[in-house]
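Asker: Here is what each chain is made of, one letter per residue.
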Amino acid sequence: MDKKLRETLRLVWRGLLLEPTAYDEAAADDNPFVEGVFLVVGIGILAGLGMLIGGLLAWATTPDLGQIKRILLEALRNTAWYEVLRADPEALRRFEQSYELGWRFGELLAPSPSQAFLMLLLTPLRLLLSWLWFGLLAHFVARLLGGNGTLGQTMGAAALAAAPQLLLILGLVPGLAVAGIGTWTLLARYVAVRRVHENLSWPRVLVAVVTPPVLLLLIGLIAGLVSIPVLAGWLGGLFA
Amino acid sequence: MNTAAATPSSLRAWLRLALDALTLKPEPYRFMAAEASLRRALLVVLVVGLLLGLGQALVALPTLTRSPAAVVEAALTGFRQGLDTARSSMTGQMTPEMAALFDALDQGLEAFRPYLLELAAVPAPLPSAVGRFLAWLGGWLSQPFALLAKWLGISIWILLFARLLGGRGGLLPYLAASSLSVIPHLLALFAFIPCVGSLLTAAGSIWGLVIQYQAVVITQELSAGRAVAAVLLPYLLLLFLAVIVSVIAVILIIGLIASGAAG
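These protein sequence lines map, in sequence, to chains H and P.
Once you know that position 204 of the first sequence is 204 in this note's numbering, the rest is easy, because the numbers rise by one and skip nothing.
Numbers in this note's numbering are just positions in the second sequence, counted from 1, shifted up by 1000.
It should be emphasised that the hints constitute simulated quantities derived from the structure, not laboratory data.
Among these hints, one or two may not hold up.
[What the hints assert, rightly or not] Okay, derived cross-link-like pairs now, DMTMM-like style, lysine to aspartate or glutamate, Cα gap no bigger than 25 angstroms in a straight line:
1. H/Lys69 <-> H/Asp88
2. H/Lys69 <-> P/Glu1110
3. H/Lys69 <-> P/Glu1118
[Stated by the list, open to error] Covered stretches of chain H (chain P as the covering partner; in silico rule of three or more C-beta atoms under 8 angstroms from a C-beta of chain P):
4. 58-66
5. 169-178
6. 183-189
Using N, Cα and C, we set each Cβ at its ideal position, and we do this for glycine too.
Generate coordinates for the entire structure from the input sequences, incorporating the hints supplied.
Answerer: So this is what it looks like as structure tokens:
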């Protein structure tokens, strides 16, 4: 194996174990932005590959949804309740629409090859955006609070803090729930900011670390509240 | 055994370390905290999680060889037995309406039986045995991660309170030492024993908190009282939040009922 690749993998492993010296090394890189992109995208591709295999296996072991939909409808049609429903054409029409819509949503969420390949593309992209969002904002807040690290150092160390996301590779086993990665990443980010802005007290580091996810949550909430009327209108249109 | 000296290289040394940690001897905590890495901590969580999952995986092992149709038949038989038990326990108190309900459930079960068997036979691209094996494996391997999430989730809150109460230790030493708190959760392996099982599981959780306390005392250099507060405050905060949410929910429900009545 290439020496550089072996060293990078060892660095990621040490980053995963929250070893402070690993974050010092990542921060001290002479080109932390470029190294950061490679590191984050590399972790994302590996995790995405695991999820691709897991997604394909999940699809290959999921029974045909079309047949399930047909059998369930047939079972419902043989109940006394359906006989009552049949007497009211409007209620029957509404039921059939809701049944179709429910299955359409179900099919969207069900495992499929296209969804699995999408994960391969989206995982590196998600990690890259998450790294940029966290690194830039955390650095800004840390500097605002008196931190003495440079932007390059913060971005380099923050890239290594994506190491716990590598565990998503275990998604290759369908049904395996890889829990705790979010908390682990948060801890890794705390170590990263603490090592770069070493003059900051721990509460200030904590503020710098939690600001980006809290801000993202707030933006998500606002976007959610704004989109509720739009979504309600769209669903209303479907039922009309 | 001088646990602070070197990494235990044998299973026996690790078992001794676990036993010392369970009896709250300080050496295992210092040994774990001495390494500037989560390597040993993750090893402990991984092994305990796999052992915990193994208990459930072994119980679920027979389902691997059972056909989907047999699973459906077993579920239907279990449901019917439950109905019969409920029916016989109500002898003498059975009203005609309840008897009619039991009969309807019985008939409904029989009417749905062919459809359930048909559903169980719906094919997938891969043989159903592959799906069953992957689900079984996934269930087992999820256990270490569930334990990891639980341990990290509670440990960061305990550490936060410990620091707010004047603790001076670092993040890594505390996390490494507190990983020992997952060991008593092995008592959950006996959860299948009626009555005693749930008591043992609860005892394991409380024992885990005692180990968290010992980790706080050793790594954060806090007094006993403050360490107890640091361990219990996250749970009290959670309780407080639950009470507030419940009160708000009750007020909202009463408000809705009142406005409905007024309308």
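Asker: Confirm or reject the coverage of the region 58-66 of chain H by chain P under the rule of 3 or more residues with a beta carbon closer than 8 angstroms to the chain's beta carbons.
Answerer: holds (count 6)
Asker: Would you say the region 183-189 of chain H counts as covered by chain P, given the rule of at least 3 residues with C-beta under 8 angstroms?
Answerer: holds (count 4)
Asker: For the pair we were handed, H/Lys69 and H/Asp88, check the Cα-Cα distance against 25 angstroms.
Answerer: holds, 23 angstroms
Asker: Do three or more residues of the region 169-178 of chain H come closer than 8 angstroms to chain P, measuring C-beta to C-beta?
Answerer: It holds: at least three residues are needed, and the region 169-178 of chain H offers 7 whose Cβ sits within less than 8 angstroms of chain P.
Asker: Given the hinted pair H/Lys69 and P/Glu1118, is their alpha-carbon gap at most 25 angstroms?
Answerer: holds, 12 angstroms
Asker: Holds or violated: H/Lys69 with P/Glu1110, Cα cutoff 25 angstroms?
Answerer: holds, 20 angstroms
When held up to the earlier numbered hints, the structure conflicts with none and fits them all.
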